[in-house]
Amino acid sequence: MGSSPSDLVAVSVALALVAHQIFRRHETYAPSAHAVLIFGPPCAVAAYVSSYPGSSWTFANAFRKSLATYVVSLLSSIVAYRISPWHPLARYPGPLLHKTTNLVAGIWTASGYRNQHIRSLHERYGDVVRIAPNELSICDVSAIPYLTNVPKGPGMVGFAMSEERVTMMGIKDQEEHLRRRRPWIRGLNQSALKEYEAPVTARVQLLLRCLEEQEGEVDLSQWFSFLAQDIMGDMAFGGVTELIRDRGRNNIFSVIEEGLAIGTTFGQLPWLGIYVGRIPGAARKLTTLWNTARELAKKRLERGSTKPDLFYYLNNEDLPDAPPPPHEHLADDALLAVIGGSDTSSVALNNMFFCLLTHPAAYAALQADVDRAFRPEDNPYNTHRYTEMHYLRAVINETLRLYHPAGIGGQHQVPANGPGVAAGSLYIPPGTIFFLTVHALHLNPRNFSYPTEFWPERWLIEWGHLRIEDARMPDGKPRLSMDDFVHNEAAFTPFGTGIYNCVGKGLAMLEMRMTVTALMHKFELRLRDGWNTSEFPAQMKEYVTSTRPSLPVVLSPRW
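Counted from 1, the sequence shown has number 2 at position 2 by our numbering; the numbering is strictly sequential.
As a list, the in silico DSBU-like pairs of lysine-lysine whose alpha-carbon atoms are at most 35 Å apart: (1) 285 x 298; (2) 298 x 505; (3) 477 x 505.
Restraint-style ranges between C-beta atoms, simulated for each label pair: (4) 172 x 91: 19 to 27 Å; (5) 7 x 39: 16 to 24 Å; (6) 213 x 307: 27 to 35 Å; (7) 176 x 505: 17 to 25 Å; (8) 213 x 123: 43 to 51 Å; (9) 245 x 446: 42 to 50 Å; (10) 305 x 476: 53 to 61 Å; (11) 75 x 175: 36 to 44 Å; (12) 175 x 358: 40 to 48 Å; (13) 81 x 419: 17 to 25 Å; (14) 419 x 95: 25 to 33 Å.
To be clear, the hints were calculated from the coordinates, so they are not data collected in a lab. From the three backbone atoms N, C-alpha and C, an ideal C-beta is built for every residue, glycine too.
Working from the sequences, and respecting the hints, build out all of it.
What follows is the structure, encoded as structure tokens:
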């Protein structure tokens, strides 16, 4: 190698091609590794040519020239490989721009409308779509059993802004995940749920008393948020908030929505989360969310427990001979309790009443279901009767199908150092990230008749509680026969499946059943006159969980 411009360019190009192969085989989010691979080769080239005998290059000029050539060559090599027939995902269709850069998926994620976009891609390209250079979205029911136990993807690395500290749901090592999950199972099994019934009942009763004191319209969205966060505070941390009583004043969880929007975007672009996490104050809302959860865990551990709550189990206080887990594990899992224990439940309740109040026939049918189970003088908090309320169960299922509260869903990644995964005719190469896109599965006409309609009766028909000949059809839709009726319950996965399923399903169902039953037993609800109902779905965005659009209603006591 000499010191001519052509020599400098040739060597810079060659080093860029080598660096690309290193990036491919040894993916890392460490900024130090990125700095070495990006700036190291141009520095070496510049040092060589500037010190070459008789060279006219200064180090600065040679470095600028080499760096520009190197970066352009590296990016060109990356893009060419990603759209080439030799890429492992070349067989899967998708928009060209999505194949070249993950930034497109990141932009859609940041917008909050990623699910709608991906569903439109499935409608155009089929069951498997390449939504990023190394990422697939899968909308194939037959693949679910093969894919749900594949390890988690790197999304939590970006959300946590760290490769070391992630919550239980983001742990890739499956043995470690199962070990961290066991206390959650003990803390949310049927025996533990019986312990939580009393505080949940007390919170719902307080909600009804406060709503009774309100004059004019109320925004149910806010009240459901207060309810779910108070319940979560009681259940997880032994009681830390009084948001219902205080009408939301001093709400330590007010950063959840903004923090989740930032964290979800970083989850799609993990390297960005790592970089931003190193800049003080750059992700203040997300950092505040993490710090709030960790502070709650710290105070709960300092306070100890007077009665079993979730941290009683997470800290192994129910196992006297077992050592407590590291405090950093408890601090990180506190965030999972905050998000999973409050945001998803309040979103689901909000969506449910929007659906009911915009579908008067369904509202009337559920009101009849409530009145059959509970007379005016009865106690609507008797949970044993909830199992007899089939229409309530159908309404909950239909809401979760139509408006999945868990946002963009779970991310998985086939281990890069192992074999690929075969799911029927589908093969996913090692290292591939993928989503089983719940939104697209739930709204696929091959899985459900009238998939975009709120039609609780579909579940009663499937369960054998209602003949299709007697069922109300969705407004404006022709009557179906059983031969035309499509209901694939294998596609219904609101709480996930496999080893990563939602461990808090029982608590969520308890909250939803009790809140809906108690509200409809006590009040008649209607939407505010003149409210534009199209505002609700338009304002709904999906991140780790979905957002809660405003829901203005007027309540009137029934008795």
